[in-house]
Structures are given as structure tokens and as C-alpha cells.
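Undergrad: Chains as they are written, first to last, in our numbering: chain R, 1 to 280; chain F, 1 to 445; chain B, 1 to 318.
I should point out that these hints are in silico values taken from the structure, not numbers from a laboratory. For every residue, glycine included, the Cβ atom is placed at its ideal position computed from N, Cα and C. Don't take every hint at face value.
What follows is a set of in silico ranges between Cβ atoms, one per label pair, in the way DEER data are often shown [what the hints assert, rightly or not]:
no., chain 1, residue 1, chain 2, residue 2, range
1, B, G98, R, P49, 20 to 30 Å
2, F, K267, R, T41, 22 to 32 Å
3, B, T235, R, G109, 28 to 38 Å
4, R, N171, B, T71, 56 to 66 Å
5, B, R227, F, D213, 48 to 58 Å
6, R, V85, F, F307, 42 to 52 Å
7, R, V85, F, K267, 51 to 61 Å
8, F, G107, R, G109, 19 to 29 Å
Heads up, incomplete: computed chain F residues facing chain R, CB under 10 Å, no partners named [stated by the list, open to error]:
no., residue
9, G95
10, H160
11, K306
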Amino acid sequence: MISRIKPLGIGTQVVVYALLLIIALGMVYPFYYLVSTALKTTQETSTLPVVWWPASAQWHNFVDVMNLPNLPWFQMLVNSVFVTVCVTVGQIVTSIMGGYAFARLRFPGREALFVGYLGSIMIPFVVLMVPMYQLMKNLQWIDKLESLIIPWIFSAYGTFLFRQFFKTIPNDLEEAALLDGASRWTILWRIFVPLSGPIIATQATFTFLYAWNSFLWPLIIISTPAKKVLTLGLLDLQGGYATRLELVMAGSTIVILPTILIFLLAQRYFVEGIATTGLK
Amino acid sequence: MNRNSRMSALGLFTSTMLLLAACDSNTANTPAAGTGSGATNPTAAGSTGGAKIAIRWRTRPGDAAEQAVYQALSDEAQKNLPDIDLKYDPSPNQGYEDKLNTEFASGTAPDVVWVPGASSASYASRNLLYDIKPLVDKDTSFKLGDFYDGPVNEVMHDGHLWGIPRDVSTLAIYYNADLFKAKNLPTPTDLMKQGKWDWDNFRSTAKALTGGDTYGLGLADWWGPWSYFVYAAGGSLFNKDKTATGLDTPESVAGLQYLSDLINVDKSIPLPTAANVDAEALFNAGKIGMMINGRWFTPGVRQNAKFKWDVEEMPKGKANATWLFWGPYVMNAKTANPDAAWRVIKAITSASAMGKVADMGSNIPARKDQAAVDAFLKSSPPANNQAFISGTKYATSEIPLWTADFNEYMNKQVQPMVDKVISGKMTAADMGKQIKAATDPLFKK
Amino acid sequence: MSEQVKTVGAAAVPRRGRTREKVVWTPARTREALVGYLFLLPNLLGLLIFLAVPLLSSLYTSFTDANIFPTNTKIIGVTNYINAVNDSTFQQAVSNTGAFLIGFLPLSIIPALALAVLLHSQIRGKTVFRVAFFLPVVASVVGVSLLWRWLFQYDFGPVNQLLGLFGIAKIHWLESSDWAMISVIVVASWQAIGYNMVLFLAGLQGIPRQLYEAAVVDGATEWQQFRRVTLPLLTPATFFVFITSLIKGLQVFSEPATMFNGGSPANSALTVVWELYLEGFRYFKLGYASAMAWLLFLVIFVVTLIQFRLSERWVNYE
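Using the sequences and the accompanying hints, generate a full structural model.
TA: Following this line, the structure appears as C-alpha cells:
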């Protein structure tokens, strides 16, 4: 409704800002409630009216959550970071290689394979869940972190994105390098990758979010507390300490905070990346 | 260049695999708490000579204190079983059965494991458990008669014995004595002493306690609490030979309607949520007068309640009723050495072992001998521990279902319909008309 | 080799015919093909093992009576499919999922479009707003579902308290079968709006400025500019947002399963994926769960296909 050319009139500006502010508050308030509740005492969590900010912030709630029996929270944090980093790095590397092959190298069967890749993007995970479980069983990866990492470092979608992006890089650079005797390997990592900053940032952020927040698959595969990831720990926390809302919220804060920080750091690339890759 | 590119591609491939290997080896090095190394491995246990027999066993401790008690129990048993390498492998409450299912599916379940009573049939009927009847029969030092009859009768099926009961808990009424005092009402214990602890007074008390942001009664949203009302009205979850639902009888319907009226007419009960913890939190916060719960609720109330509280038996409806929840230790069918596993079960269900567990207060020993009962009675608050024991006289034992899958029957068909009754969307009578058709296909013919 | 692909979608599929061109297998060309395979190998191998094999095996399992414990399974034909279609719980899950889509699609797309247009105008503090709207996207679904459970809490939750300020009576968001699915829709939409908004913003940036200038010269009002320029040129983005939301929505699981830990009131928030999870991993019926999964895949496939067909009528790829 608002033209992008004409500067807005004062009246319109006030309305627009008021609207944006109200919506922004609605979007952000849950996070405020999360953090403020994480700092309350048990009594303050269940009184009416809602306690806006605790009388004195109970920072020890965060320490308490880390020290709960049967809930190796710190170990889970380590597992989550480890799994997420492995999946993100692995997926980016295999996608870059596959994307380059599809974009720049000619080999028989390339088109057919590519169509297969495109088709596979549409398959919902639930179709695969059961046989994947059986496969993990045969590989003896049940209740092991391998099953949270290795199947997830191959991405048809990532390969597709990098292919699209590499296609837009001019040929001359590559041809010159080939004439200079550079190998494909060198070309990929010295020329293509440095040019792919925003799309790597976008894809890495999305993969990171996806791996960090994944829930259904770990729920099925992992049961030993020492091998759980944070999302599962959060469920345990909810199940076992539900009457201690402040602890549940402190745990949730620990799970949610890292992704928010990463997004805040990468948000500029992120939007750019989506603009250059996802859509025209 | 030619060699170069091929080598580089190979190099990249290798480095990818190395990355995987890195991820791999790291996980391999993390302590494998759950997967007992060789515990179920026949070669390890079958080997003769000086090698010890590895036995891994598991319970579901609710907190660190309980876990410590079981660890001590395991250490104690270890001393008396020098040829066995005993390992206690606890697993938390949340997802306990999910984990166990997964382990059974992949062949890594512990040798001896505690399971909820209702689930024992589900495992036994899938050939996952070892029939310990022959072991018990030839062991003259063990008397099955020392245990509560109800659970023993349930875990015995078709001449097979699928486990030894570890603990029991009846449902009881927890009440906030301060709230009763504030409203100048006789407590459930007072009413009990006067012989007036029946459904009429239960209902009027709940209603009198309700007001402002306070509720008279609370119950968690799972089948245990609501089905008390069914049994107290003379109904049942199943028909006599457990080949069909029993919720279609007039008695069952009347019980559920009484509950529905408490919620929807009197508004004495906050709607139970699937988030089944709200009522417990509200009780601990002093906003619920009475709460239907098992012994496992006691440690949490001790810790969080800032008011005077006690427990009483469930009120008498048409009949006295409560649940006798129980859980047996069962033996993995794939255990390498059943004799050794049996000796472990015996050690951890001995009178002295159960006494130690009872001291802790979160469950009642499955042995009915006086020593075990005395140990339990000493663990207070609550003052009126006897209420839990008295209930065992008329309690219905938690039912392992051999004719259908209990979870499927309860969670897929029954609970959704009961939800409608509880929230007043459906009358209990209408539920009674529909429930048989909905559940019949689940029962084996 | 230098075909420049600009849009995702139709143009992304390589043109046929290129493969037909006669290849002279010079050593250099052979090398290139070899390197190509090697580069693709890790990826391809992984997808074969972890995607193609499970896909085929799930199709097979769906025709058997497999359970998750090691037992003899036998082939039972299409029984699982017939049973699923006649299973009243599955039917309820299907209609619940439909109800979810009816609420979720408009609630997650229309506000996202409006916000994108507002943020695309000449106002200050865009970045701050953009970050604020996007925050829910990055938060863990499990975390926010638990969080919203308490926001929706009947007695002392902030949502009911806020409604109280406007004189609205407390609502049983989680306990009532009338409201349970609405709560799920609110949470899922709250999480999806920011993501869709960024996609719309990207689309808006691609609309040439001259078109608006021309429209202003023609005397178009702001509303007309929106209707005649913005909306039509935004159709590729809208299509993308719509189709991804649809596919995501058909698979909704984490939100309801976490908000209603032990089961939703009268199964009012039971979705298809949740139901098949219960069948496979709680009631151990792997074959039955696989059949449900394939039915869902079929629906997703058909719906996507229809959308692509319909899109030719309304999506404007210049």
C-alpha cells in the first residue's frame, strides 16, 4: 500500500510506526517472558498478575539447570554443538562439491541425476523415518551420535542451491585458471568458494538452525542421557521438572539463545543470501 | 594438471571421509553409558574360567537421591555376588519406555529391567522377556507368597511368570490442611474418622473449597485418576475376561458422569490439561485443596509445599476403590545367563533391599511382610502413610493386557473419548454407547 | 556450458537435447567426466544410502505387517492402506491437518506480505524491525512450544491476562478441544511470519523502480500501485512462499506434539505425522505407519503438482 518512492506523510508515518511497533512487541514479548521467567523464583512464576520482572533476578537458576541430576545439560550442550557443527560443515562441503560438478563439469547422466536431485527435495522426512530407523539399526547406530550426523551431511537442496549459484559465475575466470594449469580442485576452492560468501552464510545458517533445532529424529534414535542433544534435554526438563517453571524457562533460554545470537551476527548476509539465491 | 585434478578430487573425497571419521571417532569415545558393553553378548558371558558374568540392570529413578539409593543397593548386591559383574544403569522418567523399546528393537536392552505393570504384557507377548517360572520353582529360598497377591497374579500368565513386582503405589487424596482450616471445613481425615468420607461429602467439600483462584480438587490428565471414578462407581476399564472394554456399563458411565459434573457443573476441578502437570504445580502453589495422586508425588510436595498437608484414602463411592499401581523387574529374553540374572533379581527384591528403598518415601515395597511395611510407614511427611497401605486391601491392580495392546487401547481410543466427557462435550452415556464399537477391533478374537 | 539460470523452478531443469549432442571423448573430456563423478560421489553416495534406499524400503514395509521388534514379517498387500483410510483416528488426523492449513496458510502469509510491504517503504529502523520479526524463526520449535504452553496457561498465563484487560473472559487455550488447534496455528504462524516476510522482501527488491515511476506518471494511487505493480510482480515469491508453507503445514508435528506432551484434548490437535509417529513408535506398527507416510507423500505430491499447474495461470515469471 505504501509506495516506495514518495516519502510518507507524517500522519501515515505515525500509523505505520505504531502498527510495526505493536506487531514487533507481539513477536518479541514471548522471548521477554522467557528470559524474565527464567530469572524468577518458583512462587513468582505462578502468581497473578504476571510478575513483569522478578524482585531480584535469580541467576542461579541457570546454574541449577546445568546441575540437575539425570540431565547432563552441559554434555547435551556439547553434543548439540558437535552435531550441529559436523552437519553444517559436512553439508556445505558436499553440497559445494556436488553443486560444482553439476554446474561446471560435463559427464554422462548429469541431467538425469539432476532431475532426480530436484525430485528428492519434495520427499517429506516422515516417509523415510521408519526405514531410516531400520537402517540405523542395521548399521548399529541406534543411540549413537553418528546417526544424528552422517545421514544429514548430504543435501539435495544444498547441492541444488550451489549449482544455481555457480552457474552465475562468469566462465572467463575459470578458463583463465585452467589455462594457467590450475586443477578443478584449486579452481573450486580458490575461485568459486571465495565468491560465494553470502550464499554459504545463508545455507550454513539454515543448516545450523535445522540441525540445532531438530527434534523428531533424535527423539527416535537417542535415549541415553549422555548422548542426548539439547532439544531432547528440554523435553526431559519439561517432563521431570514441570513444577519448576523457572528451570524449564532457563533451559529453554539456553537452547534458544545461541540461534538468536548467530542470526544477529549473520542477519545481513542472510537476507542478501535469500535475495540472491532463493528467488529473483 | 591431469594428475593434479584427479589427485585433488581424491584428496577431497578422502578429506570428506576424514571429516566423517572425525565426527565418528569422537562419538565413539564418549562414554557409552547405556549400551552395556558385552552385557548381552553371549560369548562374554558364556566363556568359562575366571571371567565374571556381566549383568546390567535398570530402574527409573525420579531424582538423584533415588538413583543413589539404587546405586547403593547395586553395590551391596555386588558384594554377595562375587562371580557377577553387576552394573546399575538408571534411565530417566521421560521417554523411559521409548528408550527401552528402541533397545529391545536393536538388541541392547539390559538383562534385568523395571517396567510399569501395564507394559509387562506388551513386552512378554512380543517374546522379549524370559519366563522366570522354572527358576523360581527350583529356588527354595524364594517365596512368591511374600509379595502382594494382586501384582503377582497379574504378572503370572498362562503358567508363565514374567517378572517379580518391585514396588506398589495406591492412589490417595493429598490435601492442603491450611486451606481446609481457612474455610473451616473438616479435612478428609476428619471425615474418614467419622465414617463420612463418601462421594456426597467429597463433592460438597470440593465445592466448598472452590472459589476465587482456588480449586477444590485437582487431577492429572491420564487414565489413572479418572478411572478411579469408574471403579468407585462399580465399573471397570475392561469386561470380566478382558476381551472388550468395560466402559460401556451403566456403572462405568455413572462414575464418569460424576467426574464430569465435578468439573463442568460444580467447577471444582480445573480442566485437566494434556500438559498434565498444571494441577501438580497448582497444588504445590497452594491453589488446590485436594489432589488425587500416587506415592510418587510425595517427594515433590515435601520439597515445594509451603503449607501443612497430609494424605487420606480415596473417598468411598458405591464401592471402595483405588488403583494398585505396581512395576516388576523383568528379565530380557536374550540375557546370556538367566541363572545369574535371577540371582540379581532376588538380591534387589530382598526384604532388606526393599526396606532401603521404602525409606526414601517415593514408593511402597511390593512385599507385604511387616518389616517392609514398617519401613515405609516411618517415612513422613505425610503423617498418615497408613492411607496408602489401607488402600491396598481393596485396590484394583494395574492391568497388564494380554488381549490387546494397552497403550493402543488407552491412548488411541479411550482417552480421546474420555477427554470429551471430562470437558463436558459429550455425556458419559453417549460415550458408553460408542466406546465398544470403537475399541472392539483392537482386541484379539 | 554458460547457460545462465536466473529463476528457481521451471528454468532450473536443464534443457533436454544437450545430452544428445555428440561427444568426442578426448582425454581432457574423459578427465572432466571423471572429476565430475568424483566431486559428486560423496554427495551421491550419501543420498543413495540415506534417501533412495530408505524410500524404497518404506514402500516395501508399507505392504507388510512389520513391527519394530525383530519378528517374522509377512506381506499383507494393501491391507495397511485400506485400514488407514478406514481408521477413524487417522481420518481425524487428516481433517485436523486440513484445519491447521486453513488457519496457518492465511495467518502466516498475509501478515508476512503486509509487513514486507511496510518494511520496503522509506522508513527508518527497518533493520531493527526486520530482526524483531525474524527472531521467532530461529528459535527452536521445542523451546517455543514449551514457552507458549505457559503463555497460554489458563490461570496465570500472560495471554489470558492480556485478554482480561480488554474484558475478554479467560480461554481454555490448551484444555479445550475447540481451542487446541487454534493455539497450534497461532504458534506455528508466529514462527513462520518472519521467514515468509524475508522471502517477500527479496521479491520486492527485484521489482524495478521504473515501473512505480511509470505508474505515478499515469496517476495511479498507492493502492492501485500495489494492486497493479507490486502484487503481479510478486507472484513468483508468493508462489514459492505458498508452496513451501503448504508442504511444511502438511507435515506439522513438533508444535502440537510438544505443546500437548501427553496427547491433545480429544485428539483435537492430532496431526497426520503425529499419528503415524504414535503408530510406528508407540504401538510398534511399522508397516501401518509406513502406509500412512506414503499416503501423506502422495497427497503432498499431488498437491504440489496441482499447484505447479495452477501456477502457470497466476504466477508472473516476466
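Undergrad: Which numbered hints turn out to be false for this structure?
TA: Hints 1, 8 and 10 contradicted; others consistent.
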